[in-house]
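Chemist: Okay, here's what each chain looks like letter by letter:
There are 2 protein chains.
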Amino acid sequence: MRVTIRDVASLAGVSVTTASRALNGEGRMAAETRTRVQDAATTLKYRPNSIAKGLVGGRSFTLGLLTNDTYGRFTLPVAAGLANAVVDRGVSVLLASYQDDPELARINLQSLEDRQVDGLILAGKRIDRAPHAGLLKSGIPTVHVMSACDDDGIGFVPDDDGGARIATQHLLDLGRRRIAHVTGPAAFAAARIRAESYVRTLSDMGAAHWGDPIFGAWSEQHGFDLALQLFDGKPGADAPDAIFCGNDQIARGMIDGLTHLGVGVPDDVAIVGFDNWEIFAAATRPPLTTIDMGLVELGRQAGLCLLDLIDGREVASGLTHTPSRLVIRQSCGALSTDIAV
Amino acid sequence: MRVTIRDVASLAGVSVTTASRALNGEGRMAAETRTRVQDAATTLKYRPNSIAKGLVGGRSFTLGLLTNDTYGRFTLPVAAGLANAVVDRGVSVLLASYQDDPELARINLQSLEDRQVDGLILAGKRIDRAPHAGLLKSGIPTVHVMSACDDDGIGFVPDDDGGARIATQHLLDLGRRRIAHVTGPAAFAAARIRAESYVRTLSDMGAAHWGDPIFGAWSEQHGFDLALQLFDGKPGADAPDAIFCGNDQIARGMIDGLTHLGVGVPDDVAIVGFDNWEIFAAATRPPLTTIDMGLVELGRQAGLCLLDLIDGREVASGLTHTPSRLVIRQSCGALSTDIAV
DNA sequence: CTGAAAGCGCTTACAG
DNA sequence: CTGAAAGCGCTTACAG
Numbered sequence: 024m025r026v027t028i029r030d031v032a033s034l035a036g037v038s039v040t041t042a043s044r045a046l047n048g049e050g051r052m053a054a055e056t057r058t059r060v061q062d063a064a065t066t067l068k069y070r071p072n073s074i075a076k077g078l079v080g081g082r083s084f085t086l087g088l089l090t091n092d093t094y095g096r097f098t099l100p101v102a103a104g105l106a107n108a109v110v111d112r113g114v115s116v117l118l119a120s121y122q123d124d125p126e127l128a129r130i131n132l133q134s135l136e137d138r139q140v141d142g143l144i145l146a147g148k149r150i151d152r153a154p155h156a157g158l159l160k161s162g163i164p165t166v167h168v169m170s171a172c173d174d175d176g177i178g179f180v181p182d183d184d185g186g187a188r189i190a191t192q193h194l195l196d197l198g199r200r201r202i203a204h205v206t207g208p209a210a211f212a213a214a215r216i217r218a219e220s221y222v223r224t225l226s227d228m229g230a231a232h233w234g235d236p237i238f239g240a241w242s243e244q245h246g247f248d249l250a251l252q253l254f255d256g257k258p259g260a261d262a263p264d265a266i267f268c269g270n271d272q273i274a275r276g277m278i279d280g281l282t283h284l285g286v287g288v289p290d291d292v293a294i295v296g297f298d299n300w301e302i303f304a305a306a307t308r309p310p311l312t313t314i315d316m317g318l319v320e321l322g323r324q325a326g327l328c329l330l331d332l333i334d335g336r337e338v339a340s341g342l343t344h345t346p347s348r349l350v351i352r353q354s355c356g357a358l359s360t361d362i363a364v
Numbered sequence: 024m025r026v027t028i029r030d031v032a033s034l035a036g037v038s039v040t041t042a043s044r045a046l047n048g049e050g051r052m053a054a055e056t057r058t059r060v061q062d063a064a065t066t067l068k069y070r071p072n073s074i075a076k077g078l079v080g081g082r083s084f085t086l087g088l089l090t091n092d093t094y095g096r097f098t099l100p101v102a103a104g105l106a107n108a109v110v111d112r113g114v115s116v117l118l119a120s121y122q123d124d125p126e127l128a129r130i131n132l133q134s135l136e137d138r139q140v141d142g143l144i145l146a147g148k149r150i151d152r153a154p155h156a157g158l159l160k161s162g163i164p165t166v167h168v169m170s171a172c173d174d175d176g177i178g179f180v181p182d183d184d185g186g187a188r189i190a191t192q193h194l195l196d197l198g199r200r201r202i203a204h205v206t207g208p209a210a211f212a213a214a215r216i217r218a219e220s221y222v223r224t225l226s227d228m229g230a231a232h233w234g235d236p237i238f239g240a241w242s243e244q245h246g247f248d249l250a251l252q253l254f255d256g257k258p259g260a261d262a263p264d265a266i267f268c269g270n271d272q273i274a275r276g277m278i279d280g281l282t283h284l285g286v287g288v289p290d291d292v293a294i295v296g297f298d299n300w301e302i303f304a305a306a307t308r309p310p311l312t313t314i315d316m317g318l319v320e321l322g323r324q325a326g327l328c329l330l331d332l333i334d335g336r337e338v339a340s341g342l343t344h345t346p347s348r349l350v351i352r353q354s355c356g357a358l359s360t361d362i363a364v
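Residue numbers (this note's numbering), protein chains in the order written: chain A, 24 to 364; chain W, 24 to 364.
Calculated from the structure, these hints are not laboratory results.
One should not assume that every hint holds.
Given that identical chains are not distinguished, each listed pair holds provided it fits within a single copy or across any two copies.
What the hints assert, rightly or not - Straight line, CA to CA, 25 Å or less: simulated DMTMM-like cross-link-like pairs of lysine to aspartate or glutamate: (1) Lys68 <-> Asp255; (2) Lys76 <-> Asp261; (3) Lys68 <-> Asp184; (4) Lys148 <-> Asp196; (5) Lys68 <-> Asp137; (6) Lys68 <-> Glu126; (7) Lys68 <-> Glu136; (8) Lys68 <-> Asp124; (9) Lys76 <-> Asp137; (10) Lys148 <-> Glu320.
If you're wondering where the values come from, they're calculated on a predicted model, not measured in any experiment.
Please take these sequences and the hints and turn them into a complete structure.
Modeler: This is the structure in structure tokens:
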């Protein structure tokens, strides 16, 4: 019922061998023969069966994406970028999600191996943890995403350093000089890197940081609490005139807290977030200026890199930081444009 | 290098034919032979190559998940439920996402067909739109999820009616009698169904609804604006004592607006949301009581149903509404427990 | 420049 | 109860 390469070959009046070569652009043959085969394929709407192709080639033309991010806020953009980057190379992505359940992880990985995936993307939630370590015995080419990896591994993570730099720089450019930083737990590398970058950017510009970076939860509550702590009863000159927040949730809580106190955003205090979690960042009052980590692009790069690895091309090991950009909304009082890092 | 069924057969001292049958529990054979083969498989850590299996059986043991939900808030829980429901039947899920781009949709669908997926899950964002209509020419078994489908199609959607009923009932149970409803655009079936259910639940209980359902955007802004509109300057007895909000974003804006006005939640006004978008609902002040649509379970049911369809079992066409449940936090003043619909 | 044959790892009639 | 053979839809040495 489905049209196979035999149908194409017989319509074109050639052998299956020749048809295969013509279709794959291989071997040398009369140009006329090649186009005749291609025309036949077009006429019959022939589509090669990638299962059969996979069986003989020892390749499945599939990639496995194993993730422990239940929520999907980070994983889905990465997955979309990944899948769309490889689809026109004839490669598809198998999704496997375990919810931090080791047994589920084992089953899912097993299933990906049975399916002979050509490569594996291991996606995590933290850039300093390798949640899948020890899971892998097989020699399947692997790329890590949004997580740490061994020294000889290959990984893609957002550029936290660059993102924090443009966020801080943006506040400086707007004339703010008392810039504080409120972020997530110091146990997270992402929090530490962003904080260091904030301090360094200020000192590079000859500015002082306003107090030390304040670590806490990645939550709205943390931002809200700190608004009260930093501003309640303080005269303006003793308080920050800008706050770079470690993620959008903290920024949101901060804005809510400031509003609660009657402190104006952005007039009295400018706020920058991190993540560009759109539906969230756009809904703060005022809408949040924040850093976009470029997750779709990150997925795309990871996918292309994995294909290179599979094809045996040389790929340098180590972590690649994919660029972040500033998305300007209204919480800093600047005009709205994007600034790439 | 990889161990094949030939290795198992030769270790067990039987033919490949017998090995295959023993492993698949088919044909009649000496129990001893069967266990000998199985032992050999275990010893060699044999795993059948599902590509080869697929080629001969004309099945690929894969399902394609095609979604146009870029954001992933709805899709990822569904996808996780789906993948984990079918993984122990040896079936995996291919992810394909097009961002409302018809060309991307075509390419992705093509790729799924080339890969001979046994079935297709078409996931949407609206229960009254069939975004993929016309995309399908092939006769691949298909299940729709979070979207409308033809009369002879098979679909799974959340139980908006039941969810709205338990939300409204919950407010009644807590003694509230002036219950308003603020929701999304009337153009969305989900908004209309929830609104109708709210009205019906109240009238079934002999209660009146407080004004007509108020349609608007699915946004925080809508909730915030309505808080001001409904409560500003109104004496308590003229204002609602409870509001059932059509989604968590509206509920969030509503709470923020009420807080801004100094109206107490839940003391003066109880608030229920819809979606149980956890990271969001848990962060409102106070944390939001809301309806969970059971998306993971929805994905699970859709997956199992699709497997039935593929196996040629009889499946009734039409839409299945998977149950919602109430998640009690603090915005209504009730004790915290879950209530299934 | 082109084709007949073998083979990828399985399953399944068909024989015995 | 068990096995030799054919075949799923391709690709790739090997011959010519």
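Chemist: Next step is simple, just say for each hint if it's right about the structure.
Modeler: Hints and how they fare:
Within a single copy, lysine 68 and aspartate 255 get their C-alpha atoms no closer than 71 Å, and across copies no closer than 66 Å, so neither meets the 25 Å cut-off. Proximity of lysine 76 and aspartate 261 under a CA criterion of 25 Å is satisfied in neither setting, with 69 Å inside one chain copy and 72 Å between copies. For a Cα distance limit of 25 Å, the shortest separation of lysine 68 from aspartate 184 qualifies neither inside one copy, at 50 Å, nor across copies, at 45 Å. In this homomeric assembly, lysine 148 and aspartate 196 never come within 25 Å of each other (Cα to Cα): the closest approach is 32 Å inside a single copy and 40 Å across copies.
Proximity of lysine 68 and aspartate 137 under a CA criterion of 25 Å is satisfied inter-copy only: 12 Å between copies versus 31 Å inside one chain copy. In the homo-oligomer, the alpha carbons of lysine 68 and glutamate 126 lie at most 25 Å apart only across protomers (18 Å), although the nearest pairing inside one protomer, at 44 Å, exceeds that limit. In this homomeric assembly, lysine 68 and glutamate 136 come within 25 Å of each other (Cα to Cα) only across copies, at 13 Å, whereas the closest approach inside a single copy is 32 Å. Proximity of lysine 68 to aspartate 124 under the C-alpha cut-off of 25 Å is restricted to the inter-copy arrangement: shortest distance 23 Å between copies versus 44 Å within a copy.
For the homomeric pair lysine 76 and aspartate 137, the shortest alpha-carbon distances inside one copy (17 Å) and between copies (11 Å) are both at most 25 Å. Within a single copy, lysine 148 and glutamate 320 get their C-alpha atoms as close as 17 Å, and across copies as close as 23 Å, so both meet the 25 Å cut-off.
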